[in-house]
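**Student:** Got chain S sorted already, so can you dock chain R onto it with the hints?
For reference, the chains in residue letters:
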Amino acid sequence: MLAECAELGGHGIVGVSLSIGSFPAGGLEFKAIGTAVRAPGAPSLREPFSSHLSGQEFAKLIHAGWVPAGLALGISVGARHDDWLTVGQTRWGAGNAEVVGYTELVNDSRHDARQQLEKDVRRMGGEGVVVSRMDMRVHERECPMQEHGKDHIVEVTIVGTATVRFASVAKPPPPLAILSLDPQRRQAARVRLGR
Amino acid sequence: MTDQQSTELSVEGVPQDAIRRLAELRPGRPGAIFTSDLSVNEFLLVREAGFRPLGLVLGSSIYHVGLQIGRWGKNQELDVLSQAMYHARELAMTRMEAEADALGADGIVGVRLDVELKEFGNDIAEFIAVGTAVKAEPGAGGGGVAEWRNNKKQPFTSDLSGQDFWTLIRAGYAPLGMVMGSCVYHIAHQRLGGKISNIGRNVELEQFTQALYDARELAMSRMQAEAEELHAEGIVGVQLRQHSHTWGSHTTEFFAIGTAVRPLREDHVIERPTMVLSLDG
Chain S
1 MLAECAELGG HGIVGVSLSI GSFPAGGLEF KAIGTAVRAP GAPSLREPFS
51 SHLSGQEFAK LIHAGWVPAG LALGISVGAR HDDWLTVGQT RWGAGNAEVV
101 GYTELVNDSR HDARQQLEKD VRRMGGEGVV VSRMDMRVHE RECPMQEHGK
151 DHIVEVTIVG TATVRFASVA KPPPPLAILS LDPQRRQAAR VRLGR
Chain R
1001 MTDQQSTELS VEGVPQDAIR RLAELRPGRP GAIFTSDLSV NEFLLVREAG
1051 FRPLGLVLGS SIYHVGLQIG RWGKNQELDV LSQAMYHARE LAMTRMEAEA
1101 DALGADGIVG VRLDVELKEF GNDIAEFIAV GTAVKAEPGA GGGGVAEWRN
1151 NKKQPFTSDL SGQDFWTLIR AGYAPLGMVM GSCVYHIAHQ RLGGKISNIG
1201 RNVELEQFTQ ALYDARELAM SRMQAEAEEL HAEGIVGVQL RQHSHTWGSH
1251 TTEFFAIGTA VRPLREDHVI ERPTMVLSLD G
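The listed protein sequences correspond, in order, to chains S and R.
Residue numbering for the first sequence follows the numbering used here, beginning at 1 and increasing consecutively.
Residue numbering for the second sequence follows the numbering used here, beginning at 1001 and increasing consecutively.
If we strip away everything but chain S, and leave its shape as in the complex, we get:
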């Protein structure tokens, strides 16, 4: 996707959506789609930036003096065997308590994914990252080592946009508080709050 943008003479891509799906002929297909943009008159970049932000969000960020540096990913996979302690805590009559084994698995995997994300951001030279998606998938599998044993596997994926400050812009205008008189907008806002 970045190669196509560079061919068009673009400086970067906004509105990137990343999807992962299974491919009919076998294997996984990773798809990235976005819109290439260019700042007229600016020198070309070695590597165009990419960002999951929509057009409006991108404009607002530039207004405020930040520019997206690139799409950052943090991925981590963790696995843990269900030992007798864990099995005991998950049994039907086990009572209400925290399942320590699974909690550790989940927390460690997420922590590692966040560290990978930070490494990715540093690699790009970014100052910060705005996270757009944090997913966690859990699988169970038969343990290859122990008969009747089970393992749990956790996959954490974090996707975000790394950002960096650029200095030239003066303080942006303060936000204007508005109250919409549209009945549909206010109804929609009420429904959203009720979640």
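Mixed in with the good hints there might be a few duds.
With a straight-line cut-off of 20 Å between C-alpha atoms, the simulated EDC-like cross-links for lysine to aspartate or glutamate are [stated by the list, open to error]:
no.	chain 1	residue 1	chain 2	residue 2
1	S	Lys31	S	Glu7
2	R	Lys1118	S	Asp151
3	S	Lys60	R	Glu1048
4	S	Lys119	R	Glu1099
5	R	Lys1118	S	Glu140
Chain S is nowhere near these chain R residues, computed Cβ spacing over 12 Å in every case [claimed, not checked]:
no.	residue
6	Ala1140
7	Asn1151
8	Gln1224
9	Arg1265
FYI, nobody ran anything at the bench for these hints, they're computed from the structure.
Ideal Cβ placement from N, Cα and C applies to all residues, glycine included.
**Tutor:** Relative to chain S, chain R alone:
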């Protein structure tokens, strides 16, 4: 963006400056990197309110939520389950607060507290609390605010969105912490005689109504008790949720959650918002 603004931007050479900055990027910048899951709007409004995002913080607990059998014909609170739901959420929130404490944060905004069933097995749910830790700049809240943390020396927590947080600070209030109350209630089954006499009649099922009132009241009063502990003046953004989780139709959890606030100054006057009426669709 108006025509005037876009001309101003290109006169100042803003897009070109942005690209020049990107061209200078080198890997391995020293210093801390902030992470945040606020949207762009929220990020800019939180900065406008005088707070700087420090990092994404989260806490989670995988909890086994088992059964508690209630008496078939009686409305009653299932206190073992109430305790469990409360404890699980408290574990998640405490871990998230500990991460924020480690970052030296003054508070956490945009907290999402969710319960999700994952493929760990039946009756096992993940309680997860995610938010963005922030630090107050010197002029935040109109300046002169000595301490943003609450009376428990913990960073404040708030499930308010960036927009609501900005409005709250402008109105002269500061968040103290999220307060919650939970009640798991077992609603009595109707006796057979009662069912038969109600056939073909439109009638209020009094014991159901009473049960729901009692359960809601318990959940809300527990939430209020937490706010009193924090010496709050009030609770904003209250949500009252109802879940059956995996327990079936006669057992429901009532969960009340909100953000406790304290005043920053005597008056709470905000400028009147501009009223707009959209002309499209």
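**Student:** Hinted pair, alpha-carbon criterion (20 Å max): Lys1118/R, Asp151/S. Please report holds or violated.
**Tutor:** Roughly 15 Å between the alpha carbons, so the hint for Lys1118/R and Asp151/S holds.
**Student:** Under the criterion that the straight-line Cα-Cα distance not exceed 20 Å, is the pair Lys119/S, Glu1099/R satisfied?
**Tutor:** holds, 19 Å
**Student:** Compute the least Cβ-Cβ separation between Asn1151/R and chain S, then decide whether it is above 12 Å.
**Tutor:** Since the minimum Cβ distance to chain S is about 27 Å, Asn1151/R lies beyond 12 Å and the statement holds.
**Student:** With the threshold set at 20 Å, check whether the alpha-carbon distance from Lys31/S to Glu7/S stays at or below it.
**Tutor:** It holds: about 19 Å lies between the C-alpha atoms, which stays within 20 Å.
**Student:** Is the straight-line distance between the alpha-carbon of Lys1118/R and that of Glu140/S 20 Å or less?
**Tutor:** Within the cut-off at roughly 11 Å; holds.
**Student:** Are all C-beta atoms of chain S more than 12 Å from that of Gln1224/R?
**Tutor:** holds, 21 Å
**Student:** Would Ala1140/R pass as off the interface with chain S, using Cβ distances and a cut of 12 Å?
**Tutor:** holds, 15 Å
**Student:** Would Arg1265/R pass as off the interface with chain S, using Cβ distances and a cut of 12 Å?
**Tutor:** holds, 19 Å
**Student:** Would you mind confirming whether the straight-line C-alpha gap from Lys60/S to Glu1048/R stays at or under 20 Å?
**Tutor:** holds, 13 Å
Of the hints listed earlier, there is not a single one the structure fails to meet.
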